[in-house]
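A.B. asks: Sequence:
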Amino acid sequence: MLDPKLIRNELDRVAEKMAIRNVTLDTAKLSELESIRKQAQSKAESLQAERNAASKAIGQAKAKGEDAQPILDKVAALGNELKAAEAASSDVQAQLAEILMGLPNLVHDDVPAGKDESDNVEVRRVGEPTSFSFSPQDHVDLGARGGSLDFEQGAKLAGSRFAVMQGDVARLHRALIQFMLDTQTQRNGYIEVVVPFIVNSDSLYGTGQLPKFAEDLFKLNVEQEYYLIPTSEVPVTNLVRDTLLEADQLPLRYTCHSACFRSEAGSYGRDTRGLIRQHQFEKVEMVQIVRPEDSWQALEDMTSHAESILQALDIPYRVVVLCGGDIGFGASKTYDIEVWLPGQNAYREISSCSNCTDFQARRMQARFKNPDTGKNELVHTLNGSGLAVGRTLIAVLENYQQEDGSVIIPEALHAYFGNQRVLLEND
RNA sequence: GGAGAGUUGGCUGAGUGGUCGAAAGCGCUCCCCUGCUAAGGGAGUAUACGUUAAUAGCGUAUCGAGGGUUCGAAUCCCUCACUCUCCGCCA
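Every position in the first sequence, counted from 1, becomes a number in the numbering used here once 8 is added.
Using 30 Å as the maximum straight-line C-alpha spacing, the simulated DSSO-like pairs for lysine-lysine come out as follows: (1) K46 / K13; (2) K64 / K91; (3) K123 / K220; (4) K70 / K51; (5) K51 / K82; (6) K37 / K220; (7) K72 / K82; (8) K91 / K51; (9) K13 / K91; (10) K64 / K51; (11) K64 / K46; (12) K46 / K220; (13) K51 / K13; (14) K227 / K164; (15) K91 / K37; (16) K46 / K82; (17) K46 / K91; (18) K13 / K383; (19) K123 / K13.
In short, the hints are calculated from the structure, not lab data.
Go ahead and model the full structure; you've got the sequences and the hints to work with.
C.D. replies: Structural data, given as structure tokens:
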């Protein structure tokens, strides 16, 4: 959520920033609502003040044994007017809150304008696309060996966009999770957490998935309002919801392995082949809670932490900064890391690292005591994938494949495979 | 799932219709005193929102959440959430 004061005082600047996201702000309607709000709230509050004063006077009169009836008569007349004023005030405030909750974060000055992912700007490229002396297969064909990666079984058990892994592929999947968690905790300074994969709606409002993106979520059909998490960003970031942190607790760096569940409504026909886009996938997430002045450096650091996984695995990738049309709702600036997939002959997203500034913190009321100002201030929150496990598995299979369809195990993963050095050796 | 007890400020905890945004203690901050030191004395110490140049005043709201009764609710009523104890079930 944006600072309501920003809407009041710098409406034009907010509108300019929204334009970079291709979001049109109805400034005329907003300023009209705002002036109604001001008037309605003042009126309701002054009537409340009047009632409170009268009530106090009644109490005092009764305590002294005086007749309180004249004041009672007077305050009775206030009743309906007060009720109406309160209703009007809360009505207009609800309208403003609804608009505000639907507005995305302000983008950073670095964010380029653009309409979709084709306008994202490449920042750097690490490694060269893997070259092969033969025609490389994609992960679906590679994984078909021995039913190691089985989409028919997934469809039988659940439906489309589900998969079953077994044998070497299942083990590679597990090894990648271990490797990522070990790297983030031992090398990059994150604390590992295990959190619920089901959350309530408060948590989803906190990180911004609700109210706007309900259709992307799996909602449980039970009495309580429960949702499957679309990413562990939701539970992990919400660890600091409604919390007042001490300055010396910051920065907090969490990493978390979880399953992620996405309905993928609106993605019909996209990435229907293979493991790229599934209803359920696993991810190792990074979340940082930092002081506001540190968040931009933290974004650079976190992006490099995600990159460190691909560097260790020695898989080529590039980093892009997302344009206004592609950046997520809560983010002020986002770097996507795109990994080279020989099977698609393209770079594909494997991580997304975002600085959400105070956008989520305001929704969550996540604050810290700033010793410099003596005030309680909103923290900044960041999140990034470190990395998406399924897509990393695709990248390993496709980049490390050999002509006979087997796959060499990257050196960084040897510790998780005993003496084994090759996957999918036997047809 | 059954029965019972709870949810108050950074913490402990009092408060069952009216000067209660809330006693007391602890903690913390500042000041004072003191060569006997896990000492003493004093003052201060919730948050959000509105108004405002203001972190000055003033106002509003908040005692788990939401609703109700009342001129007035931490206190009474209803619904919900969560915590604890015992029983049952269970990975």
